[in-house]
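Novice: As a plain string of letters, each chain reads:
Protein chains: 2
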Amino acid sequence: MTTILGIDPGLTRLGVGVIKQGAGRTISLVHVEVFTTSPDSDISERLGSHSRSIEGILERFSPDVVALERVFAQHNLRTVMGTAQVSGVALALAHARGIPVSLRTPSEVKAAVTGYGRAGKNQVGSMVQAILGLDSIPQPADAADALAIAITEAWRGVGLPKGNSSADTPALKAWREAEAAAKRPRLQK
Amino acid sequence: MTTILGIDPGLTRLGVGVIKQGAGRTISLVHVEVFTTSPDSDISERLGSHSRSIEGILERFSPDVVALERVFAQHNLRTVMGTAQVSGVALALAHARGIPVSLRTPSEVKAAVTGYGRAGKNQVGSMVQAILGLDSIPQPADAADALAIAITEAWRGVGLPKGNSSADTPALKAWREAEAAAKRPRLQK
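Line by line, the protein sequences are chains V and X. The first sequence begins at 419 in the numbering used here and counts up by one. The second sequence begins at 419 in the numbering used here and counts up by one.
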């Protein structure tokens, strides 16, 4: 059994999702939570709060791997700096515990769970619900996104079927495309 | 005596400068150092390394306040994400020790130490050398910048002379302008 922590970093809402992966693609929900901080608090208080929350999750669930959404500077400029700061805190905390970290692009995550690299929030949420056998879509979207990142990490380990790619399902095709895109040069390793 | 830690955040080079402030504007150098990480290392290793370095500095010098360069999303897109991640780590670590944090814009810092909000690296370095009575300009630029941020924080506490602003020196004029600019709405608190 492998325990995977998915993190959707953000200053106002920080999503964390923990899943367990058994043989093959069998995965199940362990925990999902969204930590919030107020835009009225100062930045060091907000980051300090998220730092304690992430440490609590690492302590409680001892994940074997942490998967994190990769942050791009081109994204929403209003929120990207806070998102990068939270991701920095998460990466440093995971490293301090010797836990390997994997970065996933949004399109990799969408392709992995929905079969389509440009899927909307609702599609991602519905697929997370179906894959984990939940009664409803995890709310808010940050909760579903954190679980989607963890699911992507779980499935990546299995690898893609080799050989005749003309036999790919649409999901596998989208996945291959997202993987290829993720290998192209980018702003940050 | 107040101990001030100035931090110039960056992934490849992280500058830290520690100064002591006595009565009035009397300040002296305590320590300056630049921590580096290799672009070939993965991001969690780089942030983990900087996290340990910052913790070491906080432990060794017990600053009363941490001053940090404010990061803007509009700046160099190639480096801004890493800079934001390092600043996030520094902010969370300072908060965990209950140390107040102050964010300073680059133009505030330049105006404080050189009297001109658009001063170049060399001017900042020369003024840092003169203010602290050093034999040479601290190298690399990240070292001088970290000290300039700490000096700005030291002088901010003294406040500006009230009243007849027509009697302002060019340095005070630039400082007032930078302060006013810093109060305008911005991307991040």
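Be a bit skeptical, because a hint or two may be false.
[What the hints assert, rightly or not] Output of the computed footprint for chain X on chain V, the stretches with three or more beta carbons under 8 Å from beta carbons of chain X:
no.	segment
1	466-478
2	506-512
[As the list claims (entries may be wrong)] Derived, one-sided and incomplete: chain V residues facing chain X with beta-carbon distance under 8 Å:
no.	residue
3	I445
4	V489
5	A502
[Stated by the list, open to error] Covered stretches of chain X, going by a simulated chain V footprint (3 or more residues, C-beta under 8 Å):
no.	segment
6	455-463
7	466-472
8	554-567
By construction, these hints were calculated from the structure, which means they are not laboratory data. On a predicted model such as this, the values are computed, not experimentally measured, just so you know. Think of the CB as a built atom: it goes at the ideal place given N, C-alpha and C, for glycine as much as any other residue.
Novice: Against this structure, judge whether each hint is valid.
Specialist: Each hint tested on the structure:
no.: 1; hint: 466-478; result: holds (count 4)
no.: 2; hint: 506-512; result: holds (count 5)
no.: 3; hint: I445; result: 23 Å, violated
no.: 4; hint: V489; result: 6 Å, holds
no.: 5; hint: A502; result: 4 Å, holds
no.: 6; hint: 455-463; result: holds (count 5)
no.: 7; hint: 466-472; result: holds (count 4)
no.: 8; hint: 554-567; result: violated (count 0)
Checked against the numbered hints given earlier, the structure breaks hints 3 and 8 and satisfies all the rest.
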